[in-house]
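*Asks:* What follows is each chain in one-letter form.
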Amino acid sequence: MEATAVSTKAQERNAIRTWLDQNRRGLSAFVIFMGLWILFLITAPGTFTNPQAYRAIFTTLPIDIILAVSLVFIVTSGESDLSFPSVFGLSSYAFALLVSNEVSPVLGLLAALLVGAACGLVNGLLVTKVGLSSLVATLGMNFFLRGLINVLTQGIGIPLTMMIDTPFYNVLVGQVGDVPVAVLWALLVVIICLVLFNRHRLGTHIAIVGDNPESAKEMGIDVARTKILAYVIVGLCAAFAGVMSSLINSTWWPTAGDGYLLRTLAAVFIGGTPTWGGVGTVIGAVFGAMSVGFIETGLIGAGLTAFWTQFAYGLVIILSLIGHRFNQGRYR
Amino acid sequence: MATPFIELKHVYKSYGSVNALSDVNLTIEEGRVLGLIGDNGAGKSTLIKLIAGVHSPDSGEMWVKGKKVTHWSVAEARAAGIETVFQDRALAEQQSIARNIFMGRELTNAIGLIDVKRQREEAERLMREIGFTSKVFSPDSRVLTLSGGERQGVAIARAIYFKAQLVILDEPTTALSLTESEKVFAFVRQLRARGAASIFISHNIYHSYDVSDYFAILDRGRIVYTADKSEVPSADVLIRKLQTVARHGMLDIEH
Ligand SMILES: Nc1ncnc2c1ncn2[C@@H]1O[C@H](COP(=O)(O)OP(=O)(O)O)[C@@H](O)[C@H]1O
Ligand SMILES: [Mg+2]
Numbered sequence: 001m002e003a004t005a006v007s008t009k010a011q012e013r014n015a016i017r018t019w020l021d022q023n024r025r026g027l028s029a030f031v032i033f034m035g036l037w038i039l040f041l042i043t044a045p046g047t048f049t050n051p052q053a054y055r056a057i058f059t060t061l062p063i064d065i066i067l068a069v070s071l072v073f074i075v076t077s078g079e080s081d082l083s084f085p086s087v088f089g090l091s092s093y094a095f096a097l098l099v100s101n102e103v104s105p106v107l108g109l110l111a112a113l114l115v116g117a118a119c120g121l122v123n124g125l126l127v128t129k130v131g132l133s134s135l136v137a138t139l140g141m142n143f144f145l146r147g148l149i150n151v152l153t154q155g156i157g158i159p160l161t162m163m164i165d166t167p168f169y170n171v172l173v174g175q176v177g178d179v180p181v182a183v184l185w186a187l188l189v190v191i192i193c194l195v196l197f198n199r200h201r202l203g204t205h206i207a208i209v210g211d212n213p214e215s216a217k218e219m220g221i222d223v224a225r226t227k228i229l230a231y232v233i234v235g236l237c238a239a240f241a242g243v244m245s246s247l248i249n250s251t252w253w254p255t256a257g258d259g260y261l262l263r264t265l266a267a268v269f270i271g272g273t274p275t276w277g278g279v280g281t282v283i284g285a286v287f288g289a290m291s292v293g294f295i296e297t298g299l300i301g302a303g304l305t306a307f308w309t310q311f312a313y314g315l316v317i318i319l320s321l322i323g324h325r326f327n328q329g330r331y332r
Numbered sequence: 001m002a003t004p005f006i007e008l009k010h011v012y013k014s015y016g017s018v019n020a021l022s023d024v025n026l027t028i029e030e031g032r033v034l035g036l037i038g039d040n041g042a043g044k045s046t047l048i049k050l051i052a053g054v055h056s057p058d059s060g061e062m063w064v065k066g067k068k069v070t071h072w073s074v075a076e077a078r079a080a081g082i083e084t085v086f087q088d089r090a091l092a093e094q095q096s097i098a099r100n101i102f103m104g105r106e107l108t109n110a111i112g113l114i115d116v117k118r119q120r121e122e123a124e125r126l127m128r129e130i131g132f133t134s135k136v137f138s139p140d141s142r143v144l145t146l147s148g149g150e151r152q153g154v155a156i157a158r159a160i161y162f163k164a165q166l167v168i169l170d171e172p173t174t175a176l177s178l179t180e181s182e183k184v185f186a187f188v189r190q191l192r193a194r195g196a197a198s199i200f201i202s203h204n205i206y207h208s209y210d211v212s213d214y215f216a217i218l219d220r221g222r223i224v225y226t227a228d229k230s231e232v233p234s235a236d237v238l239i240r241k242l243q244t245v246a247r248h249g250m251l252d253i254e255h
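Chains as they are written, first to last, in our numbering: chain U, 1 to 332; chain P, 1 to 255.
Bear in mind the hints are in silico, worked out from the structure with no lab data behind them.
There could be a bad hint or two in this list.
[As the list claims (entries may be wrong)] Taking lysine-lysine and the DSSO-like style, the derived pairs with C-alpha atoms no more than 27 angstroms apart in a straight line are: (1) U:Lys-217 with P:Lys-135; (2) P:Lys-67 with U:Lys-217; (3) P:Lys-68 with P:Lys-163; (4) P:Lys-163 with P:Lys-117; (5) P:Lys-135 with P:Lys-65; (6) U:Lys-9 with P:Lys-117; (7) P:Lys-183 with P:Lys-67; (8) P:Lys-229 with P:Lys-9; (9) P:Lys-9 with P:Lys-65; (10) P:Lys-9 with P:Lys-68; (11) P:Lys-135 with P:Lys-183; (12) P:Lys-241 with P:Lys-9; (13) U:Lys-9 with P:Lys-135; (14) P:Lys-229 with P:Lys-241; (15) P:Lys-9 with P:Lys-67; (16) P:Lys-229 with P:Lys-65; (17) P:Lys-117 with P:Lys-135; (18) U:Lys-129 with U:Lys-217; (19) P:Lys-241 with U:Lys-217; (20) U:Lys-217 with P:Lys-229; (21) P:Lys-163 with P:Lys-183; (22) U:Lys-217 with P:Lys-9; (23) U:Lys-217 with P:Lys-68; (24) P:Lys-135 with P:Lys-67.
Construct all of the structure, not just a fragment, from the sequences and the given hints.
*Replies:* Structure representation (structure tokens):
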């Protein structure tokens, strides 16, 4: 009896250890976020006890989150994607162009997703079939697609004010009571990505391919196909985020997406996904995006000028990487 | 004679300008152990990667169970009951033991969701079977934390789980301790006892002589010697053959 009780205890301890071990990256991202939040609660109590501040954060946070969780897939696969800001711009352009010509917004959204997926496919083919470095190929794509947008639009935006309060608008970016619907959509994307990344064959193959592509090949995993699908996930999420963002702003701008490159990458790395591939954390990226979202508001609330923003980003990125480094224990 | 499991006929394979295999003819018999011997760079790994479906030959024919194969891939090799323990063990170090065992063949439902619970249970059972006695490891342990012998165990666990008819072991005992190597030999003997065929590649001719039923020597991409164990009185005879091959280069093929 005694012995069984002890071994059950031991088993429980083991289970807890396993859980901690499997979630250590996400957990440390959570700790970083909580640390920031508490810091801001102390230094800027006026702002962070005021629900209004959260409302402001929560209007842009869904975009950050959707972009960040999708990037976890490509970074875990051992590649990178710097083209998502322009994919965001181009696919939301397709949406804006169609709805401003009185096409149904649902079709507009589908078209945007199609453009996003196609861009992901092109990125994936350039990297896996042409054999280009993903850093350079997607950097090139980012310039190329932005250039394409500028040439097509001559730098002129598209107003989407006619969308405001339409059923489509309300379903995508309206409010349910005090909660912006966009937050719920982001939550849905996060849940899908969590399942895909942790429980689905594709997520598993992405991690294996990023860990050791030679082994993956020997075990019959199609490395190229797996990486292409990771790029498609980024493309789809960039398109969805782009459409949402344009609706929130009631305007499509030719610069749409531009501001997201560095802050999204920062969110992924603050979130605990390392650069070397094979491991990543979707939930960590959510906390990473929240950290990034809170920094700007927090600094202004603490009475600092916006000039401090980049300084703070830099500090948080470096400090959190040091934190992850110490927390990753014997793994690398 | 019964139909062989696999026959290679005039197989060539090169990597760019390196001719890894030239005019290879080889028969893999049912239910017996082939000891494949050869110096570093002789082409042993290349040869078994063709059989495993990782690479395809530049030219030549492969016959499996009496049928000439046209498309050959890792998936098709597996469907034919071929399991390979690769020289690099084909592990993804940052992933769990369970993930590694089921790598590329996850237990999934119709929409691709993995039955994580079943994979854990099967992994746990296999770990006991291959003698992971330490309580420190669970199916969730990362391969990075395992020793060389334990890693080899994970690679072998795949062959056990998927009930192979032909198991290829590419230098499975290199860098293993004596007791760990013993486990690998025991595994090969078990395979033969249940009627499965295997290919055993080793640098250690004594190991190879002990477990194999017939031999083939590969030298610079060519099969230069094949023999049944009955024709080879001792491991030393094999060693002398290897030395002659090394000294004189290409010999006439001797049977
Ligand atoms: N992927 C590869 N690319 C280029 N050359 C290779 C590759 N794999 C093996 N080789 C070359 O092919 C020859 C045979 O190698 P291998 O089959 O690994 O020999 P062994 O397993 O007998 O040591 C060697 O000269 C090796 O350098
Ligand atoms: Mg080899």
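*Asks:* Against the structure, test the hints numbered earlier, and report the numbers of the ones violated in rising order.
*Replies:* 1, 5, 7, 19, 20, 24
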